[in-house]
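K.L.:
Quick note: the sequence shown uses the numbering used here, first residue 24, plus one each step.
Zero decoy hints are in this set.
Cut-off 27 Å, straight-line C-alpha distance, at most; resulting in silico cross-link-like pairs (BS3-like, lysine-lysine): (1) K417 to K406; (2) K137 to K155; (3) K435 to K450; (4) K406 to K435.
Derived from the structure by calculation, the hints contain no laboratory data.
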Amino acid sequence: MKTSNKLFYCLSFALLLGTSGEAQFFKKLAKKAEKAAERTVERRVERETSKKTDQAFDSILEPGSGGQQAPGAPSENGNPTGTNTENSTSTRPVAGSPKTIEVYSKFDFVPGDKPLFFDDFNDEFIGDFPSKWNTNGSGEVVTIGSIPGKWYSVASRSITVPNLGTTLPEDFTMEFDLKVVNLSRNTGSGAKLGIYFSETSGLTTNENNVLANLNFCQYIAIGVRVDNNFKGDPVPIQNTLQQDLREVYKDVVHVSIAVNKNRYRLWLNEIKVADLPQFIVKPELINYVKFYVNGIDKQKRQEQVLISNLKIAEGGVDLRRKLMAEGKISTNGIRFNSGSADILPQSMGIIRQISQVLNQDSAMSLNIVGHTDSDGSDESNMKLSKDRAEAVKKALVSVYGISENRLNSEGKGEAEPVADNGTSQGKAQNRRVEFIKL
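Using the sequences provided together with the hints, build the complete structure.
P.N.:
In structure tokens, the structure reads:
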């Protein structure tokens, strides 16, 4: 009987100790879980705080962005699929602040005045290869979310050539809009667009040429590579122009190139990237334009290189001397937003030259005459041409300080065409501004 009681007491004491140990164990476990939960909450709060801080900085450094991408990011076929935090589809030319004509007040690019080639792909069907081009790879016409117009998506590892129908003159300019879709930290140093001026129209780069490579790498700043390749040239130029353009490439970029015999100049938006006085060693061997895309991953990362509004024109020489000598110039290089009198900032090179002539000859006064193409009614075109001439006048007054009393403006609508309004190229010629000495 005593032995049984002792056994009972021992078992009871052991169970009590076990229960107490389990309680202690679970109490410790609960404390650990509580601390882990606290750490999780702290980390989450820290991440959210960091995100809000970044967004606050973004709203200061990039007004209107809020640290988020604009809606309408393009998918593989160029249509919107939702948000993408790595890239913006804003229409602003340079990330950081909207570009205005004041920002471009020192921009000295002057487009040629005799159009040779123009393509905005508006006459093409989405998904088709553009009819005015040739390639050894692939490509298609696409649209991009909220950004207006149609774009040519150039396939990676492809040479693509616009069919000019003529050879390039010694003095010419080329402009186009560039959009690189879905840039990210994974976009490598091989991602680039090569812009060639070459000897032949063949789908090769193994010939006399000059080259500018725009590199889209995002994890390091590479800049622009320039090379000239002429057989027998003892001192070829091979140089990388160091500049951090990573933010520039996240938006639509306006590329401008001017060739005047041996001289080669390149601008990205209002930034002059290259000015090479002896780059074109043999101008007579520069006849055609070629583009080469490489290092773009469309399949996995939905990256694309897109081109639109390609304009090639003869000229681009100093308009100041012509205005002073002849008393009149006509140019289609001053461009406006479609259907409006808002001057596109990249047009300021011409307006700047006009201001320099007026500053040099203080007795000179000018009549500014606007012209349109035939799209729209006679009445709307007359009003539009008057408004555009007046906008140029206001830019001369407000940006360059020219006295308003020295300037007159008028519009002639579509009444005096200089080319066929039935073609895109003809319409581009008819949309022009004249400066006439009074």
